[in-house]
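First to last, the protein sequences are chains A and B. For what it's worth, this note's numbering labels the leading residue of the first sequence as 1, then goes sequentially. For what it's worth, this note's numbering labels the leading residue of the second sequence as 1, then goes sequentially.
I should point out that these hints are in silico values taken from the structure, not numbers from a laboratory. Treat each hint with caution, since some may be false.
Computed, partial: chain B to chain A, Cβ under 8 angstroms [as the list claims (entries may be wrong)]:
(1) Ala41
(2) Pro42
(3) Phe44
(4) Ile47
(5) Asp58
(6) Phe87
(7) Lys96
(8) Ile97
(9) Ile98
(10) Phe99
(11) Gly100
(12) Lys101
(13) Gly102
Where a beta carbon is used, it is the ideal one built from N, C-alpha and C, also for glycine.
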Amino acid sequence: EPEVTQTPSHQVTQMGQEVILRCVPISNHLYFYWYRQILGQKVEFLVSFYNNEISEKSEIFDDQFSVERPDGSNFTLKIRSTKLEDSAMYFCASSGDRQPYEQYFGPGTRLTVT
Amino acid sequence: QQPVQSPQAVILREGEDAVINCSSSKALYSVHWYRQKHGEAPVFLMILLKGGEQKGHDKISASFNEKKQQSSLYLTASQLSYSGTYFCGTEAGYDKIIFGKGTRLHILP
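Whole structure, please, built from the sequences with the hints as guidance.
Structure (structure tokens):
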């Protein structure tokens with residue numbers, strides 16, 4: 001069964017450093033998403049991406065964040081200058097080409113900023 | 001905009017039933033239900049698109065009351081594998097889902 005994959009599973013970085021989180025969505029999916037979940041809290045929407053551009057973003061997704069689909073398979077989230085409060089689990093999700101957009105989540109990347 | 005889930009937590013014995021509610025102060029166009037086990041990613045359960053719609057598989061089902069702006073998830077004859085946190089999500093844009101805070105369900109043997 002096709003699945004969303006994410007790398008790395010755990011990333012430790014120092015405050016102020018840049019990180020890139022990588023995702024490979026399900027191959028025939030057209031919509032891609034990033035969510036984050038601070039430990040023990042709810043899943044928070046960050047951004048959605050379709051047709052090589054951002055379609056929606058939340059207030060959390062400020063200028064420190066960017067997304068890219070550098071090739072036909074990868075979808076990345078970059079945080080330019082990490083802060084302590086960026087420590088969270090980051091989930092990538094993808095969905096197909098028709099509504100309703102059932103979103104399938106990857107296993108997540110745990111980001112720890114020290 | 002964030003949907004409100006109730007209860008926050010439920011403890012059941014195996015075989016008992018549970019109902020998890022999700023409500024919104026704004027009009028709901030669809031409701032998404034996900035389950036997340038500890039340390040894992042959320043797993044899609046179902047989407048309800050229109051008022052009066054009911055869906056289910058196995059012993060997990062859901063209803064959507066569009067007028068009341070709420071949805072309920074029903075777990076009947078609960079199994080140990082049902083333990084986890086259940087999130088409802090509502091659409092707040094073209095393809096933006098806002099999740100509630102979740103309902104933690106713990107099933108005891």
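Evaluated hints:
1. Checking alanine 41 of chain B against chain A: minimum C-beta separation of about 4 angstroms stays under 8 angstroms; hint holds.
2. With a least beta-carbon distance of about 5 angstroms to chain A, the hint placing proline 42 of chain B at the interface is held under the 8 angstroms criterion.
3. Hint status for phenylalanine 44 of chain B: holds, given a least beta-carbon distance of 5 angstroms to chain A, under 8 angstroms.
4. Proximity of isoleucine 47 of chain B to chain A holds as hinted, the smallest CB-CB distance being about 4 angstroms (cut-off 8 angstroms).
5. For aspartate 58 of chain B, the suggested interface contact is broken, since its CB lies about 17 angstroms from the closest CB of chain A, more than 8 angstroms.
6. The beta carbon of phenylalanine 87 of chain B comes within 6 angstroms of a beta carbon in chain A, closer than 8 angstroms, and the hint placing it at the interface holds.
7. Interface hint at lysine 96 of chain B: satisfied, since its Cβ lies 4 angstroms from the closest Cβ of chain A, which is below the 8 angstroms cut-off.
8. A least Cβ separation of about 6 angstroms between isoleucine 97 of chain B and chain A falls short of the 8 angstroms threshold, and the interface hint therefore holds.
9. With its C-beta approaching chain A no nearer than about 6 angstroms, isoleucine 98 of chain B sits inside the 8 angstroms limit, and its interface hint holds.
10. The criterion of a C-beta within 8 angstroms of any C-beta in chain A is met by phenylalanine 99 of chain B, whose closest approach is roughly 5 angstroms, and the hint holds.
11. About 7 angstroms separates the beta-carbon of glycine 100 of chain B from the nearest beta-carbon of chain A, less than 8 angstroms, and the hint is met.
12. Checking lysine 101 of chain B against chain A by beta carbon gives a least distance of about 5 angstroms; that is within 8 angstroms, so the hint holds.
13. Interface hint status for glycine 102 of chain B: upheld, as the beta-carbon distance to the closest one in chain A is roughly 6 angstroms, under 8 angstroms.
Violated hint: 5 only; the structure is consistent with all others.
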